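Novice: According to the UniProt record's numbering, the sequence shown holds residues 1 to 152 in order.
Honestly, the hints are just simulated from the structure, not real lab data.
Predicted model, so just to flag it, every value in this text is computed and none were measured.
Straight line, CA to CA, 20 Å or less: simulated EDC-like cross-link-like pairs of lysine to aspartate or glutamate:
#1 Lys-107 to Asp-76
#2 Lys-110 to Asp-76
#3 Lys-110 to Glu-131
#4 Lys-110 to Glu-121
#5 Lys-107 to Asp-68
#6 Lys-10 to Asp-22
#7 Lys-136 to Asp-147
#8 Lys-110 to Asp-65
#9 Lys-110 to Asp-98
#10 Lys-110 to Asp-68
#11 Lys-10 to Glu-21
#12 Lys-107 to Glu-131
Pair by pair, the computed Cβ-Cβ distance ranges are:
#13 Gln-7 to Tyr-139: 20 to 26 Å
#14 Tyr-139 to Asp-98: 31 to 37 Å
#15 Glu-25 to His-134: 16 to 22 Å
Glycine is no exception: its CB is placed at the ideal position from the N, C-alpha and C atoms.
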Amino acid sequence: MSRRWIQNPKRCADEYLDGIEDFIEFAIRNGMIETYSIWNLHGEQVDHASSSNAPRVDNVEPIVDPNDQVMGIIQDAFPFASTNINQEGEDDVPTPIDNAELEQYEKLLKNANQELYQGCESFSVLTAIVELMHGKIKYRMSNLCFDYFLGV
Numbered sequence: 001m002s003r004r005w006i007q008n009p010k011r012c013a014d015e016y017l018d019g020i021e022d023f024i025e026f027a028i029r030n031g032m033i034e035t036y037s038i039w040n041l042h043g044e045q046v047d048h049a050s051s052s053n054a055p056r057v058d059n060v061e062p063i064v065d066p067n068d069q070v071m072g073i074i075q076d077a078f079p080f081a082s083t084n085i086n087q088e089g090e091d092d093v094p095t096p097i098d099n100a101e102l103e104q105y106e107k108l109l110k111n112a113n114q115e116l117y118q119g120c121e122s123f124s125v126l127t128a129i130v131e132l133m134h135g136k137i138k139y140r141m142s143n144l145c146f147d148y149f150l151g152v
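Using the sequences and the accompanying hints, generate a full structural model.
Specialist: Below, the structure written as structure tokens:
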């Protein structure tokens with residue numbers, strides 16, 4: 001989601017209004033942790049006296065299963081893998097599939113279906129890789145720093 005609209009000083013501009021609408025749709029779709037009432041990551045100062053009495057949330061579960069999201073991404077990236085039916089109800093004519101593309105698809109599918117470790121149903125190998133890369137980008141980790149933590 002682009003956040004460029006936030007910097008637009010013209011509050012009535014289409015870009016700004018569309019940005020607000022996109023943000024609201026994002027918030028409705030993804031939800032928000034109910035205990036997230038002190039927005040210290042958004043400029044609010046933490047009041048240590050009142051925040052020490054706040055309930056601790058240890059087991060926050062994702063709203064959307066990350067494994068389902070990864071499978072959706074794979075299906076989007078490799079449309080040949082899903083059976084498409086045209087408007088008349090007939091199967092689309094299959095298009096030739098490149099062997100390299102098929103191998104890449106099979107490798108991703110294998111990693112998406114493989115548990116991160118025995119008994120782990122929350123994350124697949126591919127989901128864990130996606131989460132690690134997301135964290136690297138989100139927190140602006142250098143390659144050197146990221147490689148260090150992967151080596152630990």
